[in-house]
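All chains, please: the whole structure from these sequences, using the hints.
If you read the sequences in order, they're chains A and B. Sequence positions in the first sequence follow numbering that gives the first Met the number 0 and run 0 to 402. Sequence positions in the second sequence follow numbering that gives the first Met the number 0 and run 0 to 402.
Don't read these hints as lab results, they were simulated from the structure. Heads up, some of the hints might be wrong.
Put simply, identical chains are the same to the list, so a pair is met inside one copy or across any two.
[Unchecked claim] Here are the simulated DSS-like pairs of lysine-lysine, each with C-alpha atoms no more than 25 Å apart in a straight line: (1) K164 - K399; (2) K69 - K234; (3) K211 - K279; (4) K318 - K279; (5) K234 - K1; (6) K164 - K318.
Protein chains: 2
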Amino acid sequence: MKSIILIVLDGLGDRPGSELKNRTPLQAAFRPNLNWIASHGINGIMHPISPGIRCGSDTSHMSLLGYDPKIYYPGRGPFEALGLGMNINPGDLAFRANFATNINGKITDRRAGRENRGNDALASAISIDMGDYKFRVKSGVEHRAALVVSGPDLSDRVTDSDPHKEGLPPERIRSLDPSADRTAEIINAYLDRAREILSNHEVNRERAKNGKLPGNELLIRSPGKVPDIPSFLEKNHMKGACVVGSPWLKGLCSLLRMDVFDVPGATGTVGSNYRGKIEKAVQLTESHDFILVNIKATDVAGHDGNYLLKREVIEEIDKGLEPLRTIGERTVLCITGDHSTPCSFRDHSGDPVPIVFYTDGVMNDGVQFFDEFSSSHGSLRITSYNVMDILMQLAGRSEKFGS
Amino acid sequence: MKSIILIVLDGLGDRPGSELKNRTPLQAAFRPNLNWIASHGINGIMHPISPGIRCGSDTSHMSLLGYDPKIYYPGRGPFEALGLGMNINPGDLAFRANFATNINGKITDRRAGRENRGNDALASAISIDMGDYKFRVKSGVEHRAALVVSGPDLSDRVTDSDPHKEGLPPERIRSLDPSADRTAEIINAYLDRAREILSNHEVNRERAKNGKLPGNELLIRSPGKVPDIPSFLEKNHMKGACVVGSPWLKGLCSLLRMDVFDVPGATGTVGSNYRGKIEKAVQLTESHDFILVNIKATDVAGHDGNYLLKREVIEEIDKGLEPLRTIGERTVLCITGDHSTPCSFRDHSGDPVPIVFYTDGVMNDGVQFFDEFSSSHGSLRITSYNVMDILMQLAGRSEKFGS
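So, in structure tokens, the structure goes:
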């Protein structure tokens with residue numbers, strides 16, 4: 000049995016751009032290591048979820064790790080909480096949240112002037128227990144926050160308190176089916192208590208004194224209940240680790256009880272310590288069966304619409320991949336993206352992404368380069384759901400279906 | 000956001016024939032416009048429904064339009080009615096029907112001598128209301144007709160009245176489960192009434208006088224209830240139009256509440272005004288988000304087993320495609336077939352069909368020609384269910400799954 004390294008270059012796929020003489024950033028990049036791996040591996044294109052689906056990093060990573068997001072995806076709320084580094088567990092209910100301004104019962108600013116200073120203290124003040132239920136709030140960027148509720152029999156079949164429009168009072172949470180009646184009641188009681196605490200909080204008194212908008216209302220939306228999700232070990236029978244920068248992905252891996260590793264100099268964006276992440280992954284093959292590496296910088300450059308930056312990022316990443324040339328004897332390697340983020344679109348698209356599998360002993364399918372064009376002439380046309388199965392079987396770890 | 004044109008060349012796919020030096024009609028045709036689009040687009044093969052499935056135009060078009068026929072296909076009865084231009088609505092029950100000859104309670108000719116003359120009058124005479132139920136009959140080719148029943152709580156879990164054999168009496172309609180008991184009762188009462196009306200109708204008295212077989216029995220079969228189907232707008236969030244000739248396809252598009260357009264000189268068969276249909280589609284991109292064009296002539300030539308005609312038809316169609324070369328800036332184009340109709344098989348086969356997607360800014364996958372061989376070297380291996388997702392994402396119209 001071999002160990003497995005899955006390297007996800009976030010938002011890797013792209014479309015041709017005139018800035019690069021009608022090539023994609025990947026085609027235009029000097030990428031000797033990616034090309035070496037392609038020319039020794041099994042290549043193709045991978046459709047995240049299924050052809051044409053425009054998916055998020057969250058749903059795509061879930062499916063790459065062997066979890067069908069149609070079954071396990073808990074919605075935006077829990078991922079917002081994971082992204083803020085909050086601890087969430089199966090059964091918890093999570094919401095996206097805003098600190099907002101409530102004047103005489105009406106929301107006058109849904110973002111409380113986008114103020115962030117003091118929000119940590121506000122979040123801490125309304126992180127309270129009420130009976131069997133624990134409420135935890137964490138502040139994020141600007142006015143943003145997340146709320147995690149823990150306790151028995153919670154349901155996500157409830158409405159938002161966010162009126163999604165200014166000049167209206169905050170909405171009472173309503174249940175969408177009778178099983179959520181109790182949840183709605185509990186959360187309404189909590190929001191009343193939170194309003195009381197926030198109104199009297201010194202951070203808000205201070206803001207009033209300085210003519211600033213108070214963050215005296217927590218508006219919540221996008222409820223999602225964390226499903227009863229099997230651990231990575233239970234699901235895939237492998238001891239899993241990850242070397243990833245994005246907080247939400249660290250959170251997802253924690254939820255799956257994979258071991259999360261940090262690398263000095265890894266920033267989760269452009270200019271990260273790519274080489275360090277790869278070396279760490281190779282080192283982890285001593286102690287773990289499966290290692291996920293995510294490199295976010297490619298996606299960042301795509302969202303920026305910056306062809307030259309994306310090419311540069313790919314060239315830097317490629318330098319870091321050199322240690323992978325010699326691991327094929329005891330490791331199976333896969334390099335792909337979680338989706339395309341074309342510079343011309345500046346957001347995730349539904350285009351497929353190049354994929355390569357490499358380990359000693361496999362047959363190269365004639366593909367010599369790793370890019371959107373060359374990979375599409377390889378042998379594989381797969382979806383993200385197929386990746387784990389292919390990795391497992393190449394590693395000699397699959398159970399036989401039948402006999 | 001771009002608009003979308005989906006052009007379905009009916010029964011396009013074929014197999015090589017010695018009449019064409021072992022090429023397919025598509026390979027043998029002079030097709031500069033199809034080849035230009037292929038050489039600027041994303042190519043591949045598309046399996047209608049799934050690999051190896053031999054499907055009808057009805058089921059294939061439903062899946063291309065985003066409706067899984069396993070959920071929404073109402074059966075042959077409703078499509079026969081749609082094909083005759085009858086108005087049908089969700090909840091209606093439709094049957095294929097024959098005018099037949101009933102002598103002393105036994106069916107002596109299931110087709111009443113294949114006589115058509117006078118059938119319009121017969122159909123009109125038995126288009127009646129009985130209590131809450133409306134019965135509408137329309138005559139088709141020769142002895143053929145369709146029956147549409149409208150009214151509360153109809154079920155298609157009923158048997159045929161057609162004994163499917165001569166020398167037997169017409170069958171009483173039976174219910175296949177208790178929920179259909181009332182439907183069976185209503186339809187039996189109607190068929191008794193229809194027999195009475197037909198027997199005394201002057202058309203049949205005239206036929207008897209002239210020694211011809213009377214059409215004095217309506218035999219019905221293939222019951223299908225029209226499902227509660229969401230409109231195209233509800234399903235795909237686009238304002239849809241179609242430029243199609245076949246009555247059943249006009250009927251399907253009407254059922255989906257798409258706008259149906261006619262083009263002068265469009266015949267629904269060989270020799271249609273192909274250019275006019277394409278120009279109409281391009282013009283409709285001003286007012287609509289999605290335009291379906293169906294060109295039937297390729298299928299007609301395939302059913303005829305006429306390789307030379309099919310090649311000629313493709314060459315004529317290709318001339319009409321010229322306006323499509325310049326629409327990529329604001330339109331996404333897809334050209335494919337709904338299934339193969341190989342001249343050697345003279346019917347729909349389960350072979351995949353070539354497909355190409357084109358809009359400005361996509362990467363050509365190296366394919367230079369549009370045909371069964373060349374397209375199979377493109378990047379896509381998809382099914383008809385993927386087509387709408389791919390079109391939507393290329394048009395920048397997809398919602399993200401996750402974040």
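Results of checking the hints against the structure:
Within a single copy, K164 and K399 get their C-alpha atoms only as close as 55 Å, which misses the 25 Å cut-off; across copies the closest is 23 Å, which meets it. With identical chains, the CA atoms of K69 and K234 are at most 25 Å apart both within one copy (16 Å) and between copies (19 Å). Proximity of K211 to K279 under the C-alpha cut-off of 25 Å is found in neither arrangement, the shortest distances being 47 Å within a copy and 58 Å between copies. Proximity of K318 and K279 under a CA criterion of 25 Å is satisfied intra-copy only: 15 Å inside one chain copy versus 53 Å between copies.
When the C-alpha separation of K234 and K1 is checked against a cutoff of 25 Å, the pair qualifies only within one copy, where the shortest distance is 18 Å, while the shortest distance between copies is 42 Å. In this assembly of identical chains, the alpha carbons of K164 and K318 never lie at most 25 Å apart, being 49 Å within a copy and 54 Å across copies at closest.
In summary, the numbered hints that this structure violates are 3, 6.
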